[in-house]
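Given only the sequences and the hints, what does the whole structure look like? Please build it.
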Amino acid sequence: DTAVSQTPKYLVTQMGNDKSIKCEQNLGHDTMYWYKQDSKKFLKIMFSYNNKELIINETVPNRFSPKSPDKAHLNLHINSLELGDSAVYFCASSQDPGGSTEAFFGQGTRLTVV
Amino acid sequence: GDSVTQMEGPVTLSEEAFLTINCTYTATGYPSLFWYVQYPGEGLQLLLKATKADDKGSNKGFEATYRKETTSFHLEKGSVQVSDSAVYFCALRTNTGNQFYFGTGTSLTVIP
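Same order as they appear, the protein sequences are chains A and B.
So the first sequence is residues 1 to 114, counted in this note's numbering.
So the second sequence is residues 1 to 112, counted in this note's numbering.
Watch out, some of these pointers could steer you wrong.
According to the in silico footprint, chain A covers these stretches of chain B (three or more CB under 8 Å from chain A) [stated by the list, open to error]: (1) 45-51; (2) 66-77; (3) 98-109.
If you're looking for bench data, these hints aren't it; they were derived computationally from the structure.
We put the CB at the ideal spot given by N, CA and C, even for glycine.
Next up, the structure:
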């Protein structure tokens, strides 16, 4: 049973297109995150939701819009894709928004914009 | 602000060598500290954690001790294997914060 699952695993698309990445967790966690990992492996927080409410919204272009239909799902929609959006996007979840519990990560979505 | 500084890589070791990857942190409050490992093409997996000063986290032969006096959480393993080749991330989470702060990652390659 996969704890945090993302789809798709690979996404190749042209500049200007709109795409979505889906994430689901079956751990019963309250908090979910989106991270972006660049080619140098640096991880940058993008968004965090707690019980469907946005609690972290880092400096990210407004072409990126997260949506949390329920606390088990956090999707990421990207409009007007640009070359610089190419990266690996990771979804993660944790039990609470602050504390000692670890985050569980999905397998990542490798987005390539051509 | 909260942050993690991690030893830069890449690190290349021979099998059975001793491994140390340095990690220091800056945090308000009382953070929990984590080491994550990322194997090629995969997501991050928790390797070990420590939630208070002087705690030692350990897993799969890896260890790290939470040192509040030096604000450090260095990762060690006595004898590395080829299968340990991966990228290792140090991370912290404060008891009041809403996110995890990650170091820049250290790539480890173990050669036979």
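Here is what the structure says about each hint:
{"no.": "1", "hint": "45-51", "result": "holds (count 4)"}
{"no.": "2", "hint": "66-77", "result": "violated (count 0)"}
{"no.": "3", "hint": "98-109", "result": "holds (count 7)"}
Going down the numbered hints, you'll see the structure goes against just number 2.
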